[in-house]
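Asks: So the chains spell out like this:
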Amino acid sequence: MSPPKELKIALDCFSSPLPKVFAVHFLCCFALAAAFQFAHVYYSSSLVSDPVKTLLVLWIAECPIVLLGYGFLRQDPDSCSYWKAVGRGIIGIPAGALLSASGAIILGAPVGLQYLTKTLNWSFLLSLFTVVPSATVFGPSWRDWQHLFGNLKITGNVDHMVSLPAHGAVIGAWFGAWPMPLDWERPWQEWPICVSYGAITGYLLGVIASLIFALVFQRSKHTKSE
Amino acid sequence: MATLTCTRVAIFTICAVLLQVVGLFLFVLGFFPTKPALSGVSGPESYNFPTCNSTDGHVEELRRPPPEQLKALYEGLSGIPSSFDRLVLMVVDGLPAEFVLGKSQMPPGKSMKEAMPFTQSLLSNGKAIGYHAKAEPPTVTMPRLKAIVSGAIGGFLDVAFNFNTQKFLDDNLLGQFDSIGWKMVMHGDETWLKMFPGLFARQDGVSSFFVKDTVEVDHNVSRHLDTELRAKDWNLLILHYLGLDHVGHIGGRHSVLMAPKLNEMDEIIRTIYTTAILQESAGKSTLLVVVSDHGMTDGGNHGGSSYEETDSLALFVGLHSKIQDYTSATQNAASQVDIAPTLAILFGVPIPKNSVGVLIPETLSCLADEQQLRAIELNSWQLVRLLLAELPHLFCGNSPSKDVVYEQALMTTRCNHSNEEKLYCFFLKAVASHEIWKHEKLSSSTSSYVNDLHNVTAEYYNFSRASAQWLSRRVTDKPLALLAVGISIMLISSVVLVGLLFLFSKQVGKIQSPDSRNFGSKWHLDEVFVLAAVLIHAVSLASSSMVEEEQYIWHFLTATLFFIFLRTSVWGQLAGASSNSCNGDRFFQILLTLSLLICGRILRGWYQGGVNWTHHPDISKWLEQMGPVSVQYLQVASMVLVTGLGLFTLHQIKTMKVFIVLVQASIFVTSICVLLNTMVFKDSMTGISTYSATSIAQAIYATLGVTFLGVTLTAPWLMPVSSYDIGKAMEHQFASSDHEVHYNYLLPCIRDISCLIGRTTVVCWCLLQLLLQHKIKAGPLLLLFVQLLICMKYFSIVGSIHKPWVKVAALYFLGMTGHFGLGNSNSLATMDVAGAYIGLSSHSTLLSGILLFIITYASPLLFLLSLVTYDPDEGVKSPLDLQSRAVRHYLQVKFGMPCLVPLALNSVVLTTFTIILLLMRNHLFVWSVFSPKYLYVCAATIGVYIGVITVAAISGEKNENEKVLKLGVSFRTSYMTTLSPSHKRWLEAVLEVLSFSSEQDISSFVRTDAEGI
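Same order as they appear, the protein sequences are chains A and B. Read left to right, the first sequence gives residues 286 to 511 (this note's numbering). Read left to right, the second sequence gives residues 518 to 1530 (this note's numbering).
Derived from the structure by calculation, the hints contain no laboratory data. We put the CB at the ideal spot given by N, CA and C, even for glycine. Mixed in with the good hints there might be a few duds.
What the hints assert, rightly or not - Ranges of calculated distance between the beta carbons of each label pair, as one might list FRET restraints: (1) B:I1053 with A:G397: 23 to 33 Å; (2) B:S1212 with A:I456: 55 to 65 Å; (3) B:G1016 with A:S334: 47 to 57 Å; (4) B:V1146 with A:E475: 30 to 40 Å; (5) B:V1045 with A:S334: 33 to 43 Å; (6) A:S334 with B:H1360: 51 to 61 Å.
All chains, please: the whole structure from these sequences, using the hints.
Replies: Below, the structure written as structure tokens:
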């Protein structure tokens, strides 16, 4: 069984001090930026000109960083080895992609062979933003997932780190879909370009928010302990 | 806080609705112009230079000379001899110009060319000249006919009057012809007869409202052709052929019937050409003008503003002009309103007063150059008169002497002022150069004379085109005060409705769970989202492309709402992981929500819809490619499934078995009739409606009506409180309190009545739709029905997770999404006119209007009617709940919710869009996008009223019934407790027997009891 709540919070703070949080977030964002740059330089492609290739580069670059980074933050370091955490993250990738893709299609994403690769690559990226971090950190612990996504009762830095960017990415993607029916005839209105932009923007905002929360949390911790 | 009683809510709601109607009426009256800019008829004064005091028209009108004199007077004043004596105006309804002239520099396709060999030979021999005559939206017949004969662009609301044609009183060509004593003959669409009653010497009207008939309707016109062409007494012969439009409505642009129909039209043109034009007798020359009132979309519908619909034809046959080649005869663009001034000049009558058309230059090439100049001068003067009425300050300002102005005008080589000033500048330039030309006419040499002449003509054309464009898109002065009053009344009404809903919901929440959840203060995600969605949708209507593609927005919002429901189910109810619902139940919830979402996605994919991506592949297009057989399989399968599911849901009701079997039987018979109707009659490609098809459809209407009325009127009074249960209760000495009786016996009973009425209504509605809708829409109808059942089931399982108003709002959302899922859009073109004549044996505007409304608003009305089953009692968990007065009071007003929520949500959209329409009044798309949408919004409002009134009426009946039931039960229970044990046993036996024949009226049942003892 999981330890009592007070203990858990204490453990959280102990096991994931601010620098660690900062480092993981920084690495994730850096990987995104680097992947964009890489795609631009080597394939001379951007999200607008070649969404499939760019999204592929993005999620492949993001994949190891997220897995390895969040592996350090795993919830139960005593009972679960580092590589086991990474392993369950890997299982989370296709599962999350399946969830994202079916969600997008139900919300109206176009179906068809010509959209298949676009939808797939997009859903892998969204999976890395949403499901994979929490799969790596929490594994199959349903209660933690419920706390994180169901009740929004968030305690501790790791919870913020997992929950805020994930929610940000989903909400960002939702808002990103709004320009699609407009008749501006811009190439970026195509599926899934503006939705990807929305998801990335939302993710980054979530990261920033979680960092702010972490700072505030740390300070209040300090004042309390003094 | 003031409590809301039943009557108070009802009174407030009714007041708000009435206010809304008044506000809407005022706004529509003010916004949509119904009167033309100038009144009266053009007379001899139109041959004078326009002056600023424009009262001369009325003075002249009083003493009009007799026709023959007037004709001579016109000819003398204009200086243009009329080139023709007789006009044959052949209107081919719905013929796209593309079929005859081709599209974008390309000749028409081979099949089209082969279908009309004679017309094509006329075009290539230079005997005819054709134009792509752009029609203005709305592209429906009557407004377009008005535009053809008057040259004016009528008010937008003409589309509403299209079903109820009225006499055309504005100045028009036919009136002008009448005044010079022409004899006119009309054969064809009876719209002409309604517009010009008593004008025609001979007439044969055919109705445009039997869309299924493509053969007889044209034969009825052509049979007069030989006699009329032999008769020499007429000056104007109008032939209006409707068959081609009907072919389009049935089978679309590429229907197999299209080529034969075009060939038939070609033969008629050949007959007219060879008998009337080639054999001119004694200088009587004839002009044949073939026009179409509008085009058609790929699906064969029309009404909107796409290129396919506005691309109508104007073909002049028999002009004595020299047209070089096929390309110059076909690649010409004009406007539909240009036809009226051109014909007026060619036949020597004044141009109708409100015409905004410009002469078509090539058609005048039979006239001498000076006459051409005079013609365009007259056209310009007529346009100036219109401008004078619109912009008196510009043309009638304190002008200096004529010469100074003219000199100034000539100095400016180019007119680059603001719009209105530019028009003035153009006009001055034209007049000035005309004056100079007149001075130099005598002195100068011939070559420069001709050159200058052409220059002056060009100047006039410059002015005419610019002013015609400005006039047709002019910003008419709206009575702003009227609009402001209308909008503020609507605002007040929607504030009242929304406020009422808010208070009501708060009160219901308080009563439903006074302690457990802190209702009212804390908002849940689904509630916040519903509010946000309503606002987002209302605001999104400010963008023209969001209006065009509204189907995406509704689907996106509804799917998101159900994703939020799914989220609630997945993560369990609120705090406790799964405190009061077991895991299996939750799994079922998730399954239901998921299947609802998947149904919604298939529905979205059925019709691509909208404007910009409407050509993308979708399920309906795919099915059409698969051929009629698979479509029919799908249709039959949908019918069987809808009927089966409907019967099953009725079967689930436990009480009143005999009555329910009766209802089921009648529904079953009806569905067999519908099936028969589809199998036997709908698959014939020609779509000729036979007598038997009509009578079967009428029989279906009758049985559906009888079933619906029978169930709603009798069911509440036939439903007994199960006597067996009463007996049991008596045995256990259970029925000690009134509330327990109510809880244990009345509530289930009332619920069953609601279910029975609601489900019967919904099934009847679906069967009606299956009969009326296009056959490809049977699939979406099934999906909608399944969605409705799933949604109902979901709401009955989840209990009070969602607030009542959220549930009603979710149903309303589903209804609006389904509206677009059935292939509707915000363009008038997607209205399915073909279905509006099913089962009508004679033409009736009112009945086909009602059928059209039923077809178009199938989905919103389905979900509104389903609110009859709305069960407010699911919050009541135990008989103790009922003891509090508040709860009983709540049960009294329980039916407020399904009425208030749709009214409030709709009022938000209506008011917002009214304000948007006012703000967008100068927008380029105001007539093509925003105004059609406004008509849809108004019609949706009417739909909401109808649905809400039905629900309220049925609920009111149930409420009355509940009181009677309560009375009966309390009487019976109190009576029974006083009995001795032996009597009781005996009575029990009687009751048990009686419970099998359960079709007993409660009062008679009580009487039986009394007599038994």
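Asks: For every hint, state whether the structure bears it out.
Replies: Hints, one by one, checked against the model:
Our hint of 23 to 33 Å for B:I1053 and A:G397 holds, since their Cβ atoms are close to 28 Å apart. Between B:S1212 and A:I456 the beta carbon distance is about 58 Å. The supplied range of 55 to 65 Å therefore holds. For B:G1016 and A:S334, the hinted distance range of 47 to 57 Å is satisfied, since their beta carbons lie about 52 Å from each other. Distance hint for B:V1146 and A:E475: a CB-CB separation of about 36 Å, consistent with the stated range 30 to 40 Å.
For the hinted restraint 33 to 43 Å between B:V1045 and A:S334, the CB-CB distance of approximately 38 Å keeps it satisfied. The given range of 51 to 61 Å is respected by A:S334 and B:H1360, whose C-beta atoms sit roughly 59 Å from each other.
Against the hints set out earlier in the document, no violation occurs for any number.
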